[in-house]
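Q: In the order they appear, the protein sequences are chains A and B.
Here numbering that gives the first Met the number 0 is used: the first residue of the first sequence is 0, the next is one more, and so on.
Here numbering that gives the first Met the number 0 is used: the first residue of the second sequence is 0, the next is one more, and so on.
Mixed in with the good hints there might be a few duds.
If chains are identical, the list can't say which one is meant, so a pair holds when it fits in one copy or spans any two.
Subject to a maximum C-alpha distance of 20 Å in a straight line, what follows is the list of computed SDA-like cross-link-like pairs (lysine to any residue) [as the list claims (entries may be wrong)]:
hint : residue 1 : residue 2
1    : Lys214    : Ala149
2    : Lys91     : Arg72
3    : Lys45     : Ala149
4    : Lys214    : Gly225
5    : Lys214    : Ala114
6    : Lys214    : Arg173
7    : Lys91     : Gln123
8    : Lys88     : Arg212
9    : Lys88     : Arg153
10   : Lys45     : Arg28
Bear in mind the hints are in silico, worked out from the structure with no lab data behind them.
Here's the letter readout for the chains.
Protein chains: 2
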Amino acid sequence: MTQELRDDAIAILGGTGDQGLGLALRFARARRPVVIGSRNAERAAKAADEVRAAVPGAEVSGLENAEAVRRARIVILSVPFESCAATLKAVKEALAPGQIVVSMGVPLATAVGDAAVRTLGVWQGSCAELVAALVPEGVAVVSAFQKVSAHRLRDLGHPVDCDVVVSGAPEPRRAVMALCGLVPGLRAVDGGPLANARLVEPLTALLIGLNVRYKVSEGVGIRFTGLPEA
Amino acid sequence: MTQELRDDAIAILGGTGDQGLGLALRFARARRPVVIGSRNAERAAKAADEVRAAVPGAEVSGLENAEAVRRARIVILSVPFESCAATLKAVKEALAPGQIVVSMGVPLATAVGDAAVRTLGVWQGSCAELVAALVPEGVAVVSAFQKVSAHRLRDLGHPVDCDVVVSGAPEPRRAVMALCGLVPGLRAVDGGPLANARLVEPLTALLIGLNVRYKVSEGVGIRFTGLPEA
Numbered sequence: 000m001t002q003e004l005r006d007d008a009i010a011i012l013g014g015t016g017d018q019g020l021g022l023a024l025r026f027a028r029a030r031r032p033v034v035i036g037s038r039n040a041e042r043a044a045k046a047a048d049e050v051r052a053a054v055p056g057a058e059v060s061g062l063e064n065a066e067a068v069r070r071a072r073i074v075i076l077s078v079p080f081e082s083c084a085a086t087l088k089a090v091k092e093a094l095a096p097g098q099i100v101v102s103m104g105v106p107l108a109t110a111v112g113d114a115a116v117r118t119l120g121v122w123q124g125s126c127a128e129l130v131a132a133l134v135p136e137g138v139a140v141v142s143a144f145q146k147v148s149a150h151r152l153r154d155l156g157h158p159v160d161c162d163v164v165v166s167g168a169p170e171p172r173r174a175v176m177a178l179c180g181l182v183p184g185l186r187a188v189d190g191g192p193l194a195n196a197r198l199v200e201p202l203t204a205l206l207i208g209l210n211v212r213y214k215v216s217e218g219v220g221i222r223f224t225g226l227p228e229a
Numbered sequence: 000m001t002q003e004l005r006d007d008a009i010a011i012l013g014g015t016g017d018q019g020l021g022l023a024l025r026f027a028r029a030r031r032p033v034v035i036g037s038r039n040a041e042r043a044a045k046a047a048d049e050v051r052a053a054v055p056g057a058e059v060s061g062l063e064n065a066e067a068v069r070r071a072r073i074v075i076l077s078v079p080f081e082s083c084a085a086t087l088k089a090v091k092e093a094l095a096p097g098q099i100v101v102s103m104g105v106p107l108a109t110a111v112g113d114a115a116v117r118t119l120g121v122w123q124g125s126c127a128e129l130v131a132a133l134v135p136e137g138v139a140v141v142s143a144f145q146k147v148s149a150h151r152l153r154d155l156g157h158p159v160d161c162d163v164v165v166s167g168a169p170e171p172r173r174a175v176m177a178l179c180g181l182v183p184g185l186r187a188v189d190g191g192p193l194a195n196a197r198l199v200e201p202l203t204a205l206l207i208g209l210n211v212r213y214k215v216s217e218g219v220g221i222r223f224t225g226l227p228e229a
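In isolation and in its complexed conformation, chain A is listed as follows (with noise of 0.2 Å):
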């Protein structure tokens, strides 16, 4: 990989949690290069060495969060909410307006040591407002990939079978839900504007009990019926 930001590479901050090398995992299979991000270069490396592993000549490589911001036009958010206000503050300095970062984030009330089946209110509406308050101008934020479950992303032998809602300005918008169509089973649903995550990020509570309730290990998912055939 070359120093330059490219285009077509894909940077996930918190690429080392569960959810952000599922994903890492799925791009690079879908031959995207892929930068994984971390506060700590060593572990961004080591998620970096997984993802080569399970996906030989993967394209990717492992940077502490600002370097690798650099390199790629589309960043994804994977940390938990309440880090997402500090990742960004760290970041800010490494992003160009013409970049997308993606919110994934959800304001869930694990963040104040109460359960994930709670939501927290949020003063800018969402968790993808809160980073779209936070991010340079010229930077554009999109909000997806809330709801996929980490399990299944990372069991790549089967497709991940979730729609996901995708919220944001039209052109980043479409780029984000261009990104979906490289992992199978994810089918991209447009979600209209930015503040609509407000609609969509309580629904990964609501998701969270129903693993509880129904005792499904795997994560349950959402499909929206009577959408149009793409």
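Following the hints, complete the assembly by docking chain B onto the known chain A.
A: Coordinates of chain B only, in the frame set by chain A:
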């Protein structure tokens, strides 16, 4: 139909509206006694005639809301969010301990002249919890049916194809989940305690936005994947 409260009867307040009438048709077709309630007894009687015409032999009556409440253990509140409080206040005296009120309302921003693709904040947390604050002691409130398409309900020739998340205390929740089994294509999903309506109600605004963006007149629905077979 006798004049007493019947355990197997289902009252639908606002049953002259699109969604309420759709539920009335489906429950009548499943051979359950149905009582259509309206502020206007004449309109209620006309809606009952409509059900009888569509479902020969249906046991259905149309009454003023408070009278309808006195005839059925389960009372479905199928009025717009902005009418929920007034409707409940008007029937409060008729409600008795042991009855179940089903909240279908969604705090759509249309209540204040804004668009149905956005929601309002509700002090109690959700429409269902607002309803729970307004019913007499001993009356249970369950949240359900928000996202079921009126168009699909009324199209008796086809299954509805939608999951219904049912939230509330365990016993009344189970009673309402059993109602879903009466309608072909509806699947009840255990939505846990009533406060989870906060996670479910916003979905309706999302689905309305999807109907618009994808030009789906029959109504986009929702299915959860990965749940164990019933």
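Q: Evaluate each hint against the coordinates.
A: Hint check:
In the homo-oligomer, the alpha carbons of Lys214 and Ala149 lie at most 20 Å apart inside one protomer (16 Å), although the nearest pairing across protomers, at 32 Å, exceeds that limit. For the identical chains of this complex, Lys91 and Arg72 are intra-copy neighbours only, at 14 Å inside a copy versus 59 Å across copies, given an alpha-carbon limit of 20 Å. Within a single copy, Lys45 and Ala149 get their C-alpha atoms as close as 18 Å, which meets the 20 Å cut-off; across copies the closest is 53 Å, which misses it. Only between protomers do Lys214 and Gly225 lie at most 20 Å apart by alpha-carbon distance; the minimum there is 10 Å, versus 28 Å within a single protomer.
Proximity of Lys214 to Ala114 under the C-alpha cut-off of 20 Å is restricted to the intra-copy arrangement: shortest distance 17 Å within a copy versus 38 Å between copies. Only between protomers do Lys214 and Arg173 lie at most 20 Å apart by alpha-carbon distance; the minimum there is 18 Å, versus 35 Å within a single protomer. With identical chains, the CA atoms of Lys91 and Gln123 are at most 20 Å apart within one copy only, with a shortest distance of 19 Å there and 38 Å across copies. In the homo-oligomer, the alpha carbons of Lys88 and Arg212 never lie at most 20 Å apart, since the shortest distance is 37 Å inside one protomer and 34 Å across protomers.
When the C-alpha separation of Lys88 and Arg153 is checked against a cutoff of 20 Å, the pair qualifies neither within a copy, at 29 Å, nor between copies, at 52 Å. For the homomeric pair Lys45 and Arg28, the shortest alpha-carbon distance inside one copy (18 Å) is at most 20 Å, but the shortest distance between copies (61 Å) is not.
The structure is inconsistent with the numbered hints 8 and 9, although it conforms to all the rest.
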